[in-house]
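Visitor: In case you want the letters, here they are:
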Amino acid sequence: MAIHRVWIYHFKNAFLNIINNRLIHAVSIGTISVSLLFFGAFILLWVNLNGWVVQWGQSMTLSVYLKEGVERKATEKLESALKSLPGAEIRGFVSKEKAWSNLMEMLGSQARLLEGIAKNPLPASYEVLFRDVSKHHIDPKAIKDKIERMEGVDEVQYSEQWLERLEGVIYFVELAGLIIGALLCIAVLFIISNTLRLTIYSRRDEIEIQKLVGATDWFVKAPYMIEGSVQGVLGGGIAFCILLVMYSLLPVKTIHLFGLPLMDIIFLPKPYIIAFFSTGFLLGLLGSFIAITRSFRFESR
Amino acid sequence: MIQLFHVSKAFGTDYALKEISLRIRKGEFVFITGPSGAGKTTLLRLMFGAEQPTEGQILMNRINLNRISSSKLDLLRRRLGFVFQDFKLLKRKTVFQNVALALEVTGARLALTRRKTRQMLKAVGLTVKEQAFPLQLSGGEQQRVAIARAIINDPLILLADEPTGNLDPDITRDIMILFRSINLRGTTVVIATHNRELLRNTEQRIIMLEKGRIVHQ
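Chains as they are written, first to last, in my numbering: chain A, 1 to 301; chain B, 1 to 217.
If you're looking for bench data, these hints aren't it; they were derived computationally from the structure.
All C-beta atoms, glycine included, are put in the ideal place defined by N, C-alpha and C.
It cannot be assumed that every hint is accurate.
[What the hints assert, rightly or not] Each computed DMTMM-like pair below joins lysine to aspartate or glutamate, with the alpha-carbon atoms no more than 20 angstroms apart:
| # | chain 1 | residue 1 | chain 2 | residue 2 |
| --- | --- | --- | --- | --- |
| 1 | B | K72 | A | D217 |
| 2 | B | K122 | B | E141 |
| 3 | A | K12 | B | E104 |
| 4 | A | K144 | A | E155 |
| 5 | B | K91 | A | D205 |
| 6 | A | K83 | A | E71 |
| 7 | B | K93 | A | D205 |
| 8 | B | K88 | A | D205 |
| 9 | B | K116 | B | E141 |
| 10 | B | K93 | A | E208 |
| 11 | B | K72 | A | E208 |
| 12 | A | K77 | A | E155 |
| 13 | B | K18 | B | E55 |
| 14 | A | K73 | A | E148 |
| 15 | B | K91 | A | E206 |
| 16 | B | K88 | A | E208 |
| 17 | B | K88 | A | E206 |
[Stated by the list, open to error] Away from chain B, derived, C-beta distances all over 12 angstroms, residues of chain A:
| # | residue |
| --- | --- |
| 18 | R91 |
| 19 | F93 |
| 20 | D132 |
| 21 | H137 |
| 22 | I266 |
[Said to hold, decoys possible] Simulated coverage check for chain A against chain B, where a stretch passes if three residues somewhere in it have a Cβ under 8 angstroms from a Cβ of chain B:
| # | stretch |
| --- | --- |
| 23 | 5-12 |
| 24 | 199-213 |
Pulled out of the complex, with its shape left as it was, chain B reads as follows:
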């Protein structure tokens, strides 16, 4: 599902990632961890096509991101869900409009968009907040809106960058249960986190980064 071959990423002369090779299979639930500045976010951004590798090849669902055109990348992103660390919600749009946006860009019918958006909001427990604006929500609620938007297109792969950063333990647990249920439906889930509590006693695969290199997988 996800394959990286000798991937390096440099910003100027500094390497954020060096010689990364890894393979994540379909339906896997993987944590990418490491200290701040280890390259977790850069790795996710490379997988999402938001950055181009300086060296190496990346295959996402057998599509080579080095050779993909801009228009094909747009289409690929509809099959990838991304939960951003800063949520990336539109402040002037309601919760409903924010979630529906991911379906609207695909050209889905209005009736389908409404039905699926309501389903997703129900799944993340935000039905009563659908007309609220992001700034009227708590951090945990904003995170759940971002997750609902990321999964509305039934993505093959869900990438999440520090999805529980700044959330209290109870909300963190709820969010992780949500990710687990998404994974059980067949979606490959990759979560970048530096939260050690999340990794304690987990049975999931952990990839550890340090100074841009994989030190354990």
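Here chain A stands alone, though its shape is the one from the complex:
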């Protein structure tokens, strides 16, 4: 038999089996969808968290506090000087009033503590972001000294400790992602293989008779593996659609901290979408292979 004819036969049988056993396949696809939805939600969380951590690792934020009563001309000069620094981008300007209201907001019910203060003691500041720290060979201490020497600048602050810990944080996030991702994959695989065992069990008479008339193991296994792959892709498709709808229903796509944008919540990038569907396909294929191999041990002789 030509190879293409064998595969046409197997595909035809697999799709007929799916149609003939609609209910059990619907249950199976539903289970896979739910499992992959959790998996997809985790990937989405990981992509955003990891992206944020990597972005932080590649960038540095400085708070440039201005002296009291700095003239507008000096501010403009400072602003253009900051912009001219390599990799620098002014993320925002926090005026004295804004800094005060941010503090009030942060204190919440404790804001009454500030009632006795007659004059706003908080300075205005610029939030400056330096992108591609390693590419521009930016030395945080040298930059701090350089900016502090500029006219109108009172003090420059950056979180030295945070920067030192970033490498550890990135490593931790990646390791945690790998472990949780692997555990979720195993869980999905377990669910798929056990669900498929139900469909195989419901057709064990067919397998037994195929073996008795001389079908090879692969001849028997192939339609189930096609069915498993189709279920994996369909389950992945449903999970993806639900995830997309859930993302589009998110009320906020950017998380702010003290009025400044901290991180954008993005949807899965294209390579991750391809990887997500491939995972569904591979888990379906592998799950059905495990299920049929485990069922086969007592069917073959």
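Fit chain B to the supplied structure of chain A, relying on the hints for placement.
Guide: Showing chain B alone in chain A's frame:
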């Protein structure tokens, strides 16, 4: 064609067959008989490779079943036909699909599968029932579907386990005529039965089993 050398089969500590040695030549028509529990079905299952002997050697068409790999056994089964006592038909497939299955697993072309399946159904007199499902058929008709499936690959050896059990005398006679015609085409036929009527006045070889041993051959 079929050779057994000192074959024994035990299930746990109980021996279903003990020290069986026999030889069945190409083109022979043989009955294996004996009371219930004598070991007839076990003997056929050993010949089919569905069971492994506890002791001894079995050669089927010069292939040693003790040493055969799983994939080679699959290929050998395509050259053996087996008619099961309980027919083993797929309830959700039509008569045509049940018979065609034995050819499909060999990878035969679709056109050939259709042509041969129709020929076989004609040979067993079931052309008008080809779209029926097994549960819509009588016992005799189901048996004929099982026979059609067993002979569609032109087997070298046809093994049948109680093929006329629960069938009325007229249908039994028709089924036996069918087996005889298959044998006349050169296929070695081995039938396990406890039906004494079948054996009366037969000129065919009879192997008698009792308590797992051959008492006459």
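Visitor: Confirm or reject each hint.
Guide: Verification of the supplied hints:
Between K72 (chain B) and D217 (chain A) the alpha-carbon distance is near 11 angstroms, which keeps this suggested pair within the 20 angstroms criterion. Note on K122 (chain B) and E141 (chain B): the hinted pairing holds, with a Cα-Cα distance of about 13 angstroms set against a maximum of 20 angstroms. Taking the CA atoms of K12 (chain A) and E104 (chain B), the gap is about 13 angstroms. The hint holds against a cut of 20 angstroms. About 9 angstroms separates the Cα atoms of K144 (chain A) and E155 (chain A), which keeps this hinted pair within 20 angstroms; it holds.
Straight-line distance between C-alpha atoms of K91 (chain B) and D205 (chain A) comes to about 9 angstroms, which keeps the hinted pair within the 20 angstroms bound. For a cut-off of 20 angstroms, the pair hint linking K83 (chain A) to E71 (chain A) stands: about 19 angstroms separates their Cα positions. With a CA separation close to 12 angstroms, the supplied pair K93 (chain B) and D205 (chain A) stays within the 20 angstroms bound. Between K88 (chain B) and D205 (chain A) the CA atoms are separated by roughly 8 angstroms; this keeps the pair inside 20 angstroms, and the hint holds.
For the given pair, K116 (chain B) sits about 19 angstroms from E141 (chain B) by alpha-carbon distance, which is consistent with the 20 angstroms threshold. Only pairs whose Cα atoms come within 20 angstroms are accepted, and K93 (chain B) paired with E208 (chain A) is accepted, the gap being roughly 15 angstroms. Distance restraint check for K72 (chain B) and E208 (chain A): the Cα-Cα separation of roughly 17 angstroms lies within the 20 angstroms cut-off, and the hinted pair is therefore satisfied. Taking the CA atoms of K77 (chain A) and E155 (chain A), the gap is about 17 angstroms. The hint holds against a cut of 20 angstroms.
Restraint check for K18 (chain B) and E55 (chain B): satisfied, since their Cα atoms lie roughly 9 angstroms apart, inside the 20 angstroms limit. A threshold of 20 angstroms between alpha carbons decides the hint, and for K73 (chain A) with E148 (chain A) the separation of about 17 angstroms falls inside it, so the pair holds. For the proposed pair K91 (chain B) and E206 (chain A), the alpha carbon gap of about 9 angstroms is at most 20 angstroms, so the pair holds. As the CA atoms of K88 (chain B) and E208 (chain A) are separated by approximately 9 angstroms, the hinted pair is consistent with the 20 angstroms bound.
Taking the CA atoms of K88 (chain B) and E206 (chain A), the gap is about 9 angstroms. The hint holds against a cut of 20 angstroms. Every CB of chain B lies more than 12 angstroms from the CB of R91 (chain A), the least distance being 67 angstroms, so the non-interface label holds. Under the 12 angstroms C-beta cut-off, the non-interface status given to F93 (chain A) relative to chain B holds; the minimum distance is some 74 angstroms. Even its closest Cβ contact with chain B, about 59 angstroms, leaves D132 (chain A) beyond 12 angstroms, as expected for a residue assigned away from the interface.
The claim that H137 (chain A) lies off the interface holds: its Cβ sits roughly 64 angstroms from the closest Cβ of chain B, which is beyond the 12 angstroms cut-off. Non-interface call for I266 (chain A) relative to chain B: holds, since the shortest CB-CB distance, roughly 49 angstroms, exceeds 12 angstroms. By the rule of at least three residues with a Cβ nearer than 8 angstroms to a Cβ of chain B, the coverage given for the stretch 5-12 of chain A holds, with 3 such residues. Residues of the stretch 199-213 of chain A with a Cβ under 8 angstroms from some Cβ of chain B number 8, which satisfies the need for three, so the listed coverage holds.
Hint compliance for this structure: every hint is met.
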